[in-house]
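*Asks:* This is what each chain is made of:
2 protein chains.
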Amino acid sequence: MKPIQIAEKKDEDKVLKDRMSRIKNKIIVMSGKGGVGKTSVSVNLSYALALMGREVGLVDIDLHGPNIAKMLGVEGQNFTGSDNGIEPVRVLPNLKAASISFAAANPDMPIIWRGPLKMSAIRQFLEEINWGELDYLIIDSPPGTGDEPLSACQLIPEVSGAVIVTTPQDVSILDARKSVFFARQLKIPVIGIIENMSGFVCPHCGKETPIFKKGGGEKAAKNLGVPFLGRIPFEPELVELADRGIPFVSEGLDGIPARAFMEICRRIEEFLSEKGTGTPHSRS
Amino acid sequence: MKPIQIAEKKDEDKVLKDRMSRIKNKIIVMSGKGGVGKTSVSVNLSYALALMGREVGLVDIDLHGPNIAKMLGVEGQNFTGSDNGIEPVRVLPNLKAASISFAAANPDMPIIWRGPLKMSAIRQFLEEINWGELDYLIIDSPPGTGDEPLSACQLIPEVSGAVIVTTPQDVSILDARKSVFFARQLKIPVIGIIENMSGFVCPHCGKETPIFKKGGGEKAAKNLGVPFLGRIPFEPELVELADRGIPFVSEGLDGIPARAFMEICRRIEEFLSEKGTGTPHSRS
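Here the protein sequences come in this chain order: A and B.
For the first sequence, the residue numbers in numbering that gives the first Met the number 0 are 0 to 283.
For the second sequence, the residue numbers in numbering that gives the first Met the number 0 are 0 to 283.
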């Protein structure tokens, strides 16, 4: 049996490599701590790049708390099969998404899986989903430095870079530093740190309260010698939009967070083009 | 070799069982989503129970983002050895804590471990730490329904109950529901749901903004038929205190969050005493 198993393994690796070779940039979005807005960043980054005319795929490897479907307003949709594998869910003509929630019958049912099963699910997402030709594959990982980001980074032949999300508070920064060292150990370039939930402007009196403090992300980036991509201010409207499945960078939403985010996208594309990967549809 | 291995395994199980038999109540604190304040709840729950005169242990099984040391103001302390195993770090005379951060030399270094290694670390925390006689062992788990909470629930002979933390926003509730079903599948009683970060009162104008909305946790508890333990209002001071390593239930801090939290502790003790486990030092 052994030679057959090896042959199968080789075929599998070839299929995975072929799929990934058709994707120009693979960006993993990470955070040390949960709840810092990692999924919000992944969703809005994918959406913003799609609005800029890029071909984008978004894969949700947070198997225990898959929230991209809800945040993109495509809850309840399911994968379909085709001759070319599993078809991802289309959010926009040039934005495709894959999440375990597109395969689960009951959204309340937890995925009580240990590492090896999770690795095989992530492999399926990368290998069997018909991603086609993409400028970007955005990988939304669960918080921490465990099985899921490790599996993704080891399965994808060449990860273009990691975007690390943090809030300005100390406990979050502490964990974000770990993510930077995680990327370094796996030889993945750190594109930069995004400071999320930065400051809060009271809608009643207009005065700012630094709920989760402010500036910590920028300071950490400087200390660690990695780029600071920008800060996204904290507005309660963002929570409401996320719950309603509307990315805050959607057309017509021209608030401060959306503008801050577009600037962050510009910096990410700049980082990647300097590294020579560029984007085929670049209009800048 | 096999008979020896089996003998060793049996001895191991006996040691674990002995340690755990000396702990009256084991409470696992869970959340579906990260960043909802699970560690803050674990830390303040442990501290509040200790202030109420109980013998308390707090074990941090979030190996990738261990934050209890920072939040308890015992950062930089290390485990010590003794004849009875590994000595936990003492926070108060009647509050002991164990976290991977007490064993790690460099706080920036990420723990890049897969499931099996994590299970063995968690087993060590339960089996080799000299917990002694305790009224409560509070288990702070990482978000989700993966390896860590699964390992803890399978290793501990009898978990008294699960406390589930959520913010009021929809995406958090979605994941909290998963935690309730996780507990049910593992036959662990659900002590109840805590709604954290509920509302925000502007320190400038005194008006409330429901940043992460309000009431979602209570609604979810009602829907799922589990107790609602209470809501903790969102005050920026809480973030500041956490970063400074001061539990907000500390003596002298008599704000609304502290009072809300004491009421939550009372409900938890009530739930456990109705289940017949009670507490030896109960003064009520």
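Be aware that one or more of the hints could be misleading.
Each pair may be met inside one copy or between any two copies, as identical chains are not told apart.
Said to hold, decoys possible - Okay, derived cross-link-like pairs now, SDA-like style, lysine to any residue, Cα gap no bigger than 20 Å in a straight line:
(1) Lys186 to Lys218
(2) Lys186 to Met108
(3) Lys206 to Glu234
(4) Lys206 to Pro235
(5) Lys218 to Met108
These are calculated hints, taken from the structure and not from any lab test.
*Asks:* With reference to the structure, classify each hint as holding or not holding.
*Replies:* Right, here's what the structure says about each hint:
1. Lys186 to Lys218: neither (23 Å within a copy, 46 Å between copies)
2. Lys186 to Met108: between (36 Å within a copy, 15 Å between copies)
3. Lys206 to Glu234: This pair counts as both: shortest intra-copy Cα distance 12 Å, inter-copy 15 Å.
4. Lys206 to Pro235: For Lys206 and Pro235, both the intra-copy (14 Å) and inter-copy (14 Å) Cα distances are at most 20 Å.
5. Lys218 to Met108: between (40 Å within a copy, 18 Å between copies)
Of the numbered hints given earlier, the model fails hint 1 alone.
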